[in-house]
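Undergrad: The primary structure of each chain is shown beneath.
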Amino acid sequence: MVEFFAERFNYAVVIILMMTGLYVVFSSSNLVKKLVGLSVFQTSVFLLYISVGKVAGGRPPIVEPPHHGEGEAVTGAAAATAEAGHGAETEALVGAEPSHGAEAAHGADAAHGLAPTAPAPAPAGFGGDIPAPDHMTPDGVLDAVYSNPLPHVLILTAIVVGVATLAVGLALVVRIRETYGGIEEDELHQGDLGAERA
Amino acid sequence: MNSHIVLKVASKVLIPLIVVFGLYVQFHGDFGAGGGFQAGVIVAVAVILYALVFGLEEARRAVPPAVAKIGAALGVVIYAGVGIVSIALGGNYLDYFVIPGGQHIGVLLVEIGVLLTVASVMLLIFYAFAGRAREIPDEEW
Amino acid sequence: MTPEIAFLPGWLVQHAPPLLVVTPLIAGVIAAVLPSARASWGIVLAITFFAAAMASFIAMQVMEVGVWSYALGSWAPPLGIEYRIDGLNAGMLLLVAVIGFLCAIYAPASVEAEVAPENRSAFYGAFLICFAGLLGVAITGDAFNVFVFLEISSISTYALVAMGAGRDRRALTASYNYLIMGTIGATFFVIGVGFLYMATGTLNMADIADRLQGLEGDRTVQAGFAFIVVGLGLKLAMYPLHSWLPNAYSYAPTLVTAFLAATATKVAFYTLIRFVFGVFDPGFGFAGLSMIWLIAPLAAAGMVVASFQAVFQSDVRRLFAYSSVAQVGYMLLGVGLGTAAGMSASFLHLFNHALMKGTVFLALGAMWLGFGVTRITDLRGMGRTMPYTSAAFVIGGLSLVGVPGTAGFVSKWALLVACLDRGWWWAVLALGAASVLAFFYVGRVLEMMYLREPPQHDGHAVTRSPAPLAALAPMWILAAANLVFGIWADIPVRLANAAAAAVLGSAP
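Protein chains in written order, with the working numbering: chain R, 1 to 198; chain H, 1001 to 1141; chain P, 2001 to 2508.
Mixed in with the good hints there might be a few duds.
SDA-like mimics (lysine to any residue), calculated; alpha carbons at most 25 Å apart, straight line [unchecked claim]:
{"hint": "1", "chain 1": "H", "residue 1": "K1069", "chain 2": "P", "residue 2": "T2023"}
{"hint": "2", "chain 1": "H", "residue 1": "K1069", "chain 2": "P", "residue 2": "G2166"}
{"hint": "3", "chain 1": "H", "residue 1": "K1069", "chain 2": "R", "residue 2": "G58"}
{"hint": "4", "chain 1": "H", "residue 1": "K1069", "chain 2": "H", "residue 2": "I1018"}
{"hint": "5", "chain 1": "R", "residue 1": "K33", "chain 2": "H", "residue 2": "R1132"}
{"hint": "6", "chain 1": "R", "residue 1": "K54", "chain 2": "H", "residue 2": "G1034"}
{"hint": "7", "chain 1": "R", "residue 1": "K54", "chain 2": "P", "residue 2": "A2199"}
{"hint": "8", "chain 1": "R", "residue 1": "K33", "chain 2": "H", "residue 2": "A1128"}
{"hint": "9", "chain 1": "R", "residue 1": "K54", "chain 2": "P", "residue 2": "A2046"}
{"hint": "10", "chain 1": "R", "residue 1": "K33", "chain 2": "H", "residue 2": "I1125"}
{"hint": "11", "chain 1": "R", "residue 1": "K54", "chain 2": "P", "residue 2": "L2215"}
{"hint": "12", "chain 1": "H", "residue 1": "K1069", "chain 2": "R", "residue 2": "V163"}
{"hint": "13", "chain 1": "H", "residue 1": "K1069", "chain 2": "P", "residue 2": "A2046"}
{"hint": "14", "chain 1": "H", "residue 1": "K1069", "chain 2": "R", "residue 2": "L166"}
{"hint": "15", "chain 1": "R", "residue 1": "K54", "chain 2": "P", "residue 2": "A2223"}
{"hint": "16", "chain 1": "H", "residue 1": "K1069", "chain 2": "P", "residue 2": "G2042"}
{"hint": "17", "chain 1": "H", "residue 1": "K1069", "chain 2": "P", "residue 2": "A2039"}
{"hint": "18", "chain 1": "R", "residue 1": "K54", "chain 2": "P", "residue 2": "T2220"}
{"hint": "19", "chain 1": "H", "residue 1": "K1069", "chain 2": "P", "residue 2": "L2215"}
{"hint": "20", "chain 1": "H", "residue 1": "K1069", "chain 2": "P", "residue 2": "N2119"}
{"hint": "21", "chain 1": "H", "residue 1": "K1008", "chain 2": "H", "residue 2": "P1064"}
{"hint": "22", "chain 1": "H", "residue 1": "K1069", "chain 2": "R", "residue 2": "A171"}
{"hint": "23", "chain 1": "H", "residue 1": "K1069", "chain 2": "P", "residue 2": "S2036"}
{"hint": "24", "chain 1": "H", "residue 1": "K1069", "chain 2": "P", "residue 2": "E2112"}
{"hint": "25", "chain 1": "H", "residue 1": "K1069", "chain 2": "P", "residue 2": "E2118"}
{"hint": "26", "chain 1": "R", "residue 1": "K33", "chain 2": "H", "residue 2": "L1124"}
In short, the hints are calculated from the structure, not lab data.
Sequences and hints are given; from them, build the entire structure.
TA: Written out as structure tokens, the structure is:
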């Protein structure tokens, strides 16, 4: 029993944060506290995604340069994984056969060919002159285990959305305080009822 | 006005370093952790520090809100413009591989757009909130 | 996909899907920083017209050729983000773009009366970004992308609603509540997408659907389904989750109310359908069961209860906001039936409801501009003081009740037939009850407008004061559409059938 939960402690943290956040949103009558609750609630989702992206024993998903001074190849690989690799599977990262042979020696394409059903993207203009990084066997299989970078990219976007929401929310609270003179929900109700009667 | 001389001198030394560090994070995004979002926030922090130490008015003179507004719009236009350029060069939208210089240049341009927008928007949010509060007089520090 | 229409330049045709979303986005940020509100409005008008033209082109193309898939950045799906247009969302794109254009015509009249001068450019910018976000939700085939666009449109909507504060300060609290509920909804949606990603390892909706085959009993998938339905239910104001809607609609600027009522909830509704039927297979035990035992009964309850609440409102826009909640119930009922006929009726009602609510809210906006009307009693004698506006309002209102000859009748009839086919007598009963209640609440307003004397002002009856042309033109286009589609329902029925076919898996 203890083992069962210990193995899944990340979900426990997520659930506790999620419920705390939602509870604060619904129970508190202070508008700023509600926004705090909302932020906690959103943060729990960020944690959920990121803990899903972790592969046991995986290294950070940064392809090391083969030797110094050849950063170009790395650029391609890291960026391709981050920007366009929507859908690379967690499990598939462990030694999956890239779906295309010759070009797979290439950092970016290897990172990319990981999802089993991937039709070779190979967009036009993709130069084939970049040498393969060291840690790749000649037939193009990664010999290291990487964590899945995709959830991180998604959460980066979600964080930005969260920041925007928080900024708009706080701006509204500032305006509400300036107009109503308070940020407690019942005060606002009283104020509106008074205005209605007047 | 001479009351926080240590703070002022220290932050004058720090602010350029913060901006340089922001640029480092920006361009290091090519090789490892980093990128436009993080860099944008760091660059904005430099200006926010300036505003905290030298006052909001000084900061508004250094980086006027109107400039920040245009920067925010410009960043989005650069990002989307890269996409339009790639269409003009015969690829799909945001196809970095048709851009001269390939994916490297494409991602770099897009990240510069992100840097501009994030830095400007962070700054605008700061100005918007800070402008509502009363200035803290020197004696109350 | 080979372009066939020659009068457009080739690149424009080939890249229509991303350009449809990106041009409003770029134009939105530019409009927001322009110093002159007039110039911003010019941009809004030009871009929404462009989008409407593009959307009609895309719709024609999809009707003729079939599914149009566009790979962003040339990363082939399912790895890259895919814009995927089929019979289901082609109609949605067209609806959003056309309504956006009509609202843009009306915009300056509303903005100059309701928005502070220093906020006007920002208002137009937010309007365009909201427009781009709604188009993006409708066009994308990527589950996480849906969330991003949903929030782009929602966050700009919060700002737009709050701009009504110049007229009534309650716009601020309405916008705040909308923000809280909308963000909870969006976060629930993201949690659901996360569960799907855990179960399938992909974010492309078509790909998720493929990989969900055989995962029927998987609890991760079931939890994902629940989160997505509740999250989107909040966004589309599904009956017990609708509490944000009446205030947001009553206190937003009149332009924003008309635009939101006709598009925002519709797009969220589309997304729900896309997920429930396009991603989860309703043949799945739990998805099908939740349709029959959860969505359909809630829809019926929402229809009756919200209509009942509408009857007792004193604020006229609030009345029609409750009516919107009830109409969402009609649409959900059609979906809950789970048959092709029900789905088609539901989509037909979606289009028609956009037309009628567009007409009604534009007319109410014009009346507010003319006389500052907010309460039902303010409408006394409006039939004489604003005859053209009132006539358009009558058409919209009758369509809402479902009088034969109007668009509302066509879709309600289709829904009724679909319910009878399924043998759901209780649903027929709820439909009837809701229609009777609609007759009462619309009738109450019409009685006030036509059977009462205009109010006295300084001892004289208030004189005629027709609305400006910029307000009348879009209103009458929508009102005419209500009549035309009530008699020749060919085009909307074709679109709705294509949508139902696309959803239920047969060729469009």
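Undergrad: None of the hints should be skipped; say for each whether it holds.
TA: Cross-check of the supplied hints:
1. K1069(H) to T2023(P): With a Cα-Cα distance of about 19 Å, the restraint between K1069(H) and T2023(P) holds, given a limit of 25 Å.
2. K1069(H) to G2166(P): The given pair, whose Cα atoms are some 23 Å apart, holds under the 25 Å limit.
3. K1069(H) to G58(R): Not satisfied, since the Cα-Cα distance of roughly 42 Å exceeds 25 Å.
4. K1069(H) to I1018(H): holds, 22 Å
5. K33(R) to R1132(H): holds, 20 Å
6. K54(R) to G1034(H): holds, 19 Å
7. K54(R) to A2199(P): holds, 15 Å
8. K33(R) to A1128(H): holds, 20 Å
9. K54(R) to A2046(P): At roughly 47 Å apart (the allowed maximum being 25 Å), A2046(P) and K54(R) break the hint.
10. K33(R) to I1125(H): holds, 20 Å
11. K54(R) to L2215(P): Roughly 23 Å between the alpha carbons, so the hint for K54(R) and L2215(P) holds.
12. K1069(H) to V163(R): holds, 18 Å
13. K1069(H) to A2046(P): holds, 23 Å
14. K1069(H) to L166(R): holds, 19 Å
15. K54(R) to A2223(P): holds, 21 Å
16. K1069(H) to G2042(P): holds, 20 Å
17. K1069(H) to A2039(P): Holds, at roughly 17 Å.
18. K54(R) to T2220(P): holds, 18 Å
19. K1069(H) to L2215(P): violated, 49 Å
20. K1069(H) to N2119(P): Holds, at about 14 Å.
21. K1008(H) to P1064(H): Status holds; Cα separation ~21 Å.
22. K1069(H) to A171(R): Distance ~17 Å between K1069(H) and A171(R) Cα, so the pair holds.
23. K1069(H) to S2036(P): Distance ~15 Å between K1069(H) and S2036(P) Cα, so the pair holds.
24. K1069(H) to E2112(P): holds, 23 Å
25. K1069(H) to E2118(P): holds, 14 Å
26. K33(R) to L1124(H): Roughly 23 Å separates the two Cα atoms, so the pair holds.
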